[in-house]
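Need the complex rebuilt from these two chains, each delivered in its own frame; the hints are there to steer you.
Protein sequences, first through last, are from chains Y and P. Residue 15 in the numbering used here is what sits at position 15 of the first sequence, and the numbering runs on without skipping anything. Here the numbering used here runs 1000 ahead of the position in the second sequence, where the first position is 1.
Calculated directly from the structure, the hints in this document are not laboratory data. Here a beta-carbon is modelled for each residue, glycine too, at the ideal position from N, C-alpha and C. Hints are supplied without guarantee of correctness; some may be wrong.
To be verified - To be clear about the criterion: a stretch of chain P counts as covered by chain Y if any three or more of its residues have a C-beta under 8 Å from a C-beta of chain Y, and this derived list gives those stretches: (1) 1044 to 1054; (2) 1090 to 1102.
As the list claims (entries may be wrong) - Using 27 Å as the maximum straight-line C-alpha spacing, the simulated DSSO-like pairs for lysine-lysine come out as follows: (3) P/K1003 <-> P/K1053; (4) P/K1071 <-> Y/K49; (5) P/K1057 <-> Y/K49; (6) P/K1053 <-> P/K1070; (7) P/K1003 <-> Y/K49; (8) P/K1055 <-> P/K1070; (9) P/K1003 <-> P/K1055; (10) P/K1053 <-> P/K1018; (11) P/K1013 <-> Y/K58; (12) P/K1003 <-> P/K1057.
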Amino acid sequence: AQSVTQLGSHVSVSEGALVLLRCNYSSSVPPYLFWYVQYPNQGLQLLLKYTSAATLVKGINGFEAEFKKSETSFHLTKPSAHMSDAAEYFCAVNQGGTNAGKSTFGDGTTLTVKP
Amino acid sequence: DVKVTQSSRYLVKRTGEKVFLECVQDMDHENMFWYRQDPGLGLRLIYFSYDVKMKEKGDIPEGYSVSREKKERFSLILESASTNQTSMYLCASSLGRYYSPLHFGNGTRLTVT
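Just chain P, same shape as in the assembly (with noise of 0.2 Å):
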């Protein structure tokens, strides 16, 4: 089974922090993604990468930046966290084709104060 692993389930930061979230596969999935989910706006698409140190924007990227240094690893930074990121992030992979579908890790919750 693909196992996705989220380093942390619940975070508590401060206004400004910079906060690292990060995400390990162990599939040797070619593509990774961030979401965020909200009540009530489903779950949007913050960043995805389709290779080592390559990136893409997604839907909502402000605010926000990533890094893959290695094809298992990808990491969501938020530069300076605000209070409208609290949210529960999630972290996907796939295999490097478009009819794969996502595996998930279990999700972190942020809390920005």
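Pulled out of the complex, with its shape left as it was, chain Y reads as follows (with noise of 0.2 Å):
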């Protein structure tokens, strides 16, 4: 079964500086992942998504991952954070066969920006 692993439930970083959220995947067939963001009392919304067409993904709002299968790594990057990114993450990865469309999340990761 396909697993992910966040590295890091908090991250902390200045405003301005880069931001990379780690997201390490398992799994036995290639992958499909996700990431979503989470603001406070709200549900989660698509960040960017790895479908094989391209190893190096760009998302909203200035976000970008690099799918690195030799690392077994699907990391989330930012060249310069914002206040506004201050939220929760999550990396996923969507399950194939008899369980087609079923996504298995990681623990999520808070970031917090500082002024």
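Have a look at this one:
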């Protein structure tokens, strides 16, 4: 079964600094990977998705992620953090086969942006 | 834009009550899901459905049931609410393909007293 591990439950950066949120996956087949963001008292919304078309994926709000098969990683980055980026971020992998479309989520990383 | 609407943002119920959480999506998605979200435990799948009148157990189905009589509506039922079911409940939908992302509602924060 597929799974994802997010390294670091809390990440704190200064405004304008690089954001790096880590996600490693485990999958016996080519995975379909996603990053979601959750703002306080809201549901999750899609930031970006990897579906094998390109290894570097660009998403909304200036975020991007790079799929590295050799490292089984799908880390999320943003060159310059903004105060509005403070939120919780989830990495997820979709399963195939009989569980097609079922997502497994990491435990989440809370991003704090300091002024 | 896909819209997933959960009927209540906040709900307070008493122990032993039967509780219905309603979810409606407007994009003709085949798949619908119920997750609960708790601090330190992430998102855990309760039930999901790939089609009308179909349902599959997720990772934590105990104490819950679901109903999907129409494609756009997926209801989560707590047969006899308990305090350990106090949580944030998130409904989501997706197209019937394994590379499709989930579209979430804003959640229902349920408190059982």
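Of all the hints given earlier, name the ones this structure violates by number, lowest first.
Number 11 only.
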